[in-house]
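These protein sequence lines map, in sequence, to chains A and B.
Using the numbering used here, read the first sequence as starting at 1 and increasing by one per residue.
Using the numbering used here, read the second sequence as starting at 1 and increasing by one per residue.
Worth flagging that the hints you see were computed from the coordinates, not collected in a lab.
Every value quoted in this text rests on a predicted model; they were computed, and no experiment measured them.
Misleading hints may appear alongside valid ones.
As the list claims (entries may be wrong) - A short, non-exhaustive set of chain B residues, derived as facing chain A with CB atoms under 10 Å: (1) 21; (2) 24; (3) 27; (4) 42; (5) 49; (6) 70.
As the list claims (entries may be wrong) - Label pairs and their calculated CB-CB ranges: (7) B:61 with A:94: 48 to 54 Å; (8) A:39 with B:68: 30 to 36 Å; (9) B:68 with A:177: 33 to 39 Å; (10) B:14 with A:116: 38 to 44 Å; (11) A:437 with B:29: 39 to 45 Å; (12) A:223 with B:61: 40 to 46 Å; (13) B:51 with A:113: 45 to 51 Å; (14) B:68 with A:247: 44 to 50 Å.
What the hints assert, rightly or not - From chain A, some residues computed to sit far from chain B (all C-beta separations above 12 Å): (15) 8; (16) 12; (17) 74; (18) 76; (19) 98; (20) 105; (21) 111; (22) 121; (23) 124; (24) 128; (25) 159; (26) 305; (27) 394; (28) 458.
Each residue gets a CB set at the ideal place from its N, CA and C atoms; glycine is no exception.
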Amino acid sequence: MNDVLTVLALIGVGLGALPVLAGLAQFVLVPAHAVRNHYDRTGPYLPRVAVLVPAWNEAAVLTTTIERLMAQEYPPDRLRVVVVDDASTDDTPAVLAACAQRFPGRVVHLRRDVGGQGKAHTLNHGLAELLSDDWMEALLITDADVVFGPSALRKLTRHLADPQVGAVTAYIREGSRDQQMLTRSIAFDYLAAQAASRRAQQVAGAMACLAGGAQLHSRDNLLAIGGRIDTSSLAEDTVTTFRTQLAGHTVVFEPHADVFAEEPASVDALWRQRLRWARGNVQITRMYRHLWFRPSVHPGLGGVGFASFWFAITLMPVVMVTTSAGLLTLFALDRQLAGDVFGAAAFIPVAAFVFMVALTLSLDPQAARRIWPAALLFPGGISLAVLVVAVVPSLLDLTGAAATACTLFVYSWLALCMPAAWAVRRLEATWAQPLVPVLVQLVGFGPLMCAITVDAFVKEFRGAAATWEKTEKVGRVLV
Amino acid sequence: MSTSTEPARTDEGGLQYRTSPVVQPPDVDGELPVWADPVALLAENESDRSSERRLYLGLLFALTVTALLWGLRLAFG
Numbered sequence: 001m002n003d004v005l006t007v008l009a010l011i012g013v014g015l016g017a018l019p020v021l022a023g024l025a026q027f028v029l030v031p032a033h034a035v036r037n038h039y040d041r042t043g044p045y046l047p048r049v050a051v052l053v054p055a056w057n058e059a060a061v062l063t064t065t066i067e068r069l070m071a072q073e074y075p076p077d078r079l080r081v082v083v084v085d086d087a088s089t090d091d092t093p094a095v096l097a098a099c100a101q102r103f104p105g106r107v108v109h110l111r112r113d114v115g116g117q118g119k120a121h122t123l124n125h126g127l128a129e130l131l132s133d134d135w136m137e138a139l140l141i142t143d144a145d146v147v148f149g150p151s152a153l154r155k156l157t158r159h160l161a162d163p164q165v166g167a168v169t170a171y172i173r174e175g176s177r178d179q180q181m182l183t184r185s186i187a188f189d190y191l192a193a194q195a196a197s198r199r200a201q202q203v204a205g206a207m208a209c210l211a212g213g214a215q216l217h218s219r220d221n222l223l224a225i226g227g228r229i230d231t232s233s234l235a236e237d238t239v240t241t242f243r244t245q246l247a248g249h250t251v252v253f254e255p256h257a258d259v260f261a262e263e264p265a266s267v268d269a270l271w272r273q274r275l276r277w278a279r280g281n282v283q284i285t286r287m288y289r290h291l292w293f294r295p296s297v298h299p300g301l302g303g304v305g306f307a308s309f310w311f312a313i314t315l316m317p318v319v320m321v322t323t324s325a326g327l328l329t330l331f332a333l334d335r336q337l338a339g340d341v342f343g344a345a346a347f348i349p350v351a352a353f354v355f356m357v358a359l360t361l362s363l364d365p366q367a368a369r370r371i372w373p374a375a376l377l378f379p380g381g382i383s384l385a386v387l388v389v390a391v392v393p394s395l396l397d398l399t400g401a402a403a404t405a406c407t408l409f410v411y412s413w414l415a416l417c418m419p420a421a422w423a424v425r426r427l428e429a430t431w432a433q434p435l436v437p438v439l440v441q442l443v444g445f446g447p448l449m450c451a452i453t454v455d456a457f458v459k460e461f462r463g464a465a466a467t468w469e470k471t472e473k474v475g476r477v478l479v
Numbered sequence: 001m002s003t004s005t006e007p008a009r010t011d012e013g014g015l016q017y018r019t020s021p022v023v024q025p026p027d028v029d030g031e032l033p034v035w036a037d038p039v040a041l042l043a044e045n046e047s048d049r050s051s052e053r054r055l056y057l058g059l060l061f062a063l064t065v066t067a068l069l070w071g072l073r074l075a076f077g
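Pulled out of the complex, with its shape left as it was, chain A reads as follows (with noise of 0.2 Å):
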């Protein structure tokens, strides 16, 4: 019976490792971009691009949203912006009547008359409208917050040029210019599944989704997916993705052109934006489920390398509880074989982590400068303790009662890394909020998206009402 359970304990342990060797797999393949990357067919192709931006209640960032657009260096009579007001109740209507006031014939202001059914749908209303007429060549869905560098339309443009493309997408860098530890954090998960995972994913031939915030698609691609934005799953930019790519086009990534947004600052509005994501993700793993491992169905978006890292992603939290559980389990049955295996497989996870934060932090200098610290404490202060010692076992000789309830906090942490981040964020309304901060860097904002996935997947098979809850955006990026 010990024999069963130390076999199923050590594979409960070793699924630990099948993230981190997909998330090195992908990683070893970022500098591959370097020649093998969409710039040799690329051309100088300027279309006529309508800007499409759904804005509900968006006042307080729209004017700079707009003058940036229009600030774009790019031939003035080939650009329209077309704001999509779904229903907003504060000054977004009189923001908008100044800008086109401004800006005549080239800011088109649409208003829904009911609005709040979410973003797929305000941009729906958008779309049947630019596609009523043949001006429009090329459509930049972006979001109300998004800041566009000057040169940055025509550097998504170029890659048009290319028939087979359907649609690029940006790296979009956290903008804000108060930035504060979680802000930075934040800065480093886009720098890391942005900048690195999509030259990676562009190595590799499947893109998993464009920027909701900067997306420029071709007409022929809009027409190719059906003229409209899916509005059956929380993230309809990635259902886009995946349309895009199995009507035959490609997605481009482009990390050249400068896009800057405004990211949540507490913890209550980051998870409720992520766990719309999140749940789109699950949303979608069902929806797709013909397509997972299977090459024929698409080569990019069905083989193994791709579902690899999508459900080393979405499935992340049961590699943690097992791998946690497996620790436990061999703890209970032989001290010596728990801290054998764990010593051994330690390193594996420390070398990954520090080999993917160091490449991830080279690929935008500037911004590692500021982000370095956050980068270093995605994995939580705790846990980074937990990776040092694991490395340098002889920076903690404890003995007797404190070596066992260190060992055994140590091999739990993995799974309670989890409530602990949904305790920080129930802790951020209450008298203990000037704490937040500090706590979630001990738990980390690795083990808070962990926790996050857990409640989509908790909400999703519950089968909770899956609304759209906007960020809210108050001007914060810096210009």
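Based on these hints, arrange chain B on the given structure of chain A.
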């Protein structure tokens, strides 16, 4: 190809490209804006393409840091 897009051109290698109408240079003194200067657009493209080679330096940096960690473990582990 959409009806509103100019016909695709084909390069020497037989590859097709979408094209847009020639832009009318704005009436400005001095330097043309980048978008009105095809040579500047190509240079910008080449510059971005070349800068991707920095990824090799990033790889070297990441490998060095990881190797240092390995050395640290050997020395103190």
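Mind verifying the non-interface call on residue 458 of chain A? Its CB should be farther than 12 Å from each CB in chain B.
-> holds (36 Å)
Restraint check, 10 Å cut-off on beta carbons, for residue 21 of chain B near chain A | holds (8 Å)
Is the hint on residue 27 of chain B kept, meaning its closest Cβ partner in chain A is under 10 Å away?
-> violated (12 Å)
Beyond 12 Å from every chain B Cβ: check whether that's true for residue 159 of chain A.
-> Violated, since 10 Å does not exceed 12 Å.
Close enough to count: is the Cβ of residue 24 of chain B nearer than 10 Å to one in chain A?
-> holds (8 Å)
No chain B beta carbon within 12 Å of residue 305 of chain A's = holds (19 Å)
Residue 74 of chain A remote from chain B - nearest C-beta pair above 12 Å = About 5 Å separates residue 74 of chain A from the closest Cβ of chain B, which leaves it inside 12 Å; violated.
When you take the CB atoms of residue 68 of chain B and residue 177 of chain A, is the distance between them in 33 to 39 Å?
-> holds (35 Å)
Proposed interface contact between residue 49 of chain B and chain A, which counts if any beta carbon pair is under 10 Å | holds (4 Å)
Regarding the hint that residue 42 of chain B lies at the interface with chain A, is the smallest CB-CB distance below 10 Å?
-> holds (7 Å)
Far enough from chain B: is every CB of that chain over 12 Å from the CB of residue 8 of chain A?
-> Correct as stated: the minimum Cβ-Cβ distance to chain B is 29 Å, above 12 Å.
Can the suggested window of 48 to 54 Å be confirmed for the beta-carbon pair residue 61 of chain B and residue 94 of chain A?
-> Holds, at about 50 Å.
Consistency note: the structure conflicts with the earlier hints numbered 3, 10, 11, 17, 18, 25 and 27.
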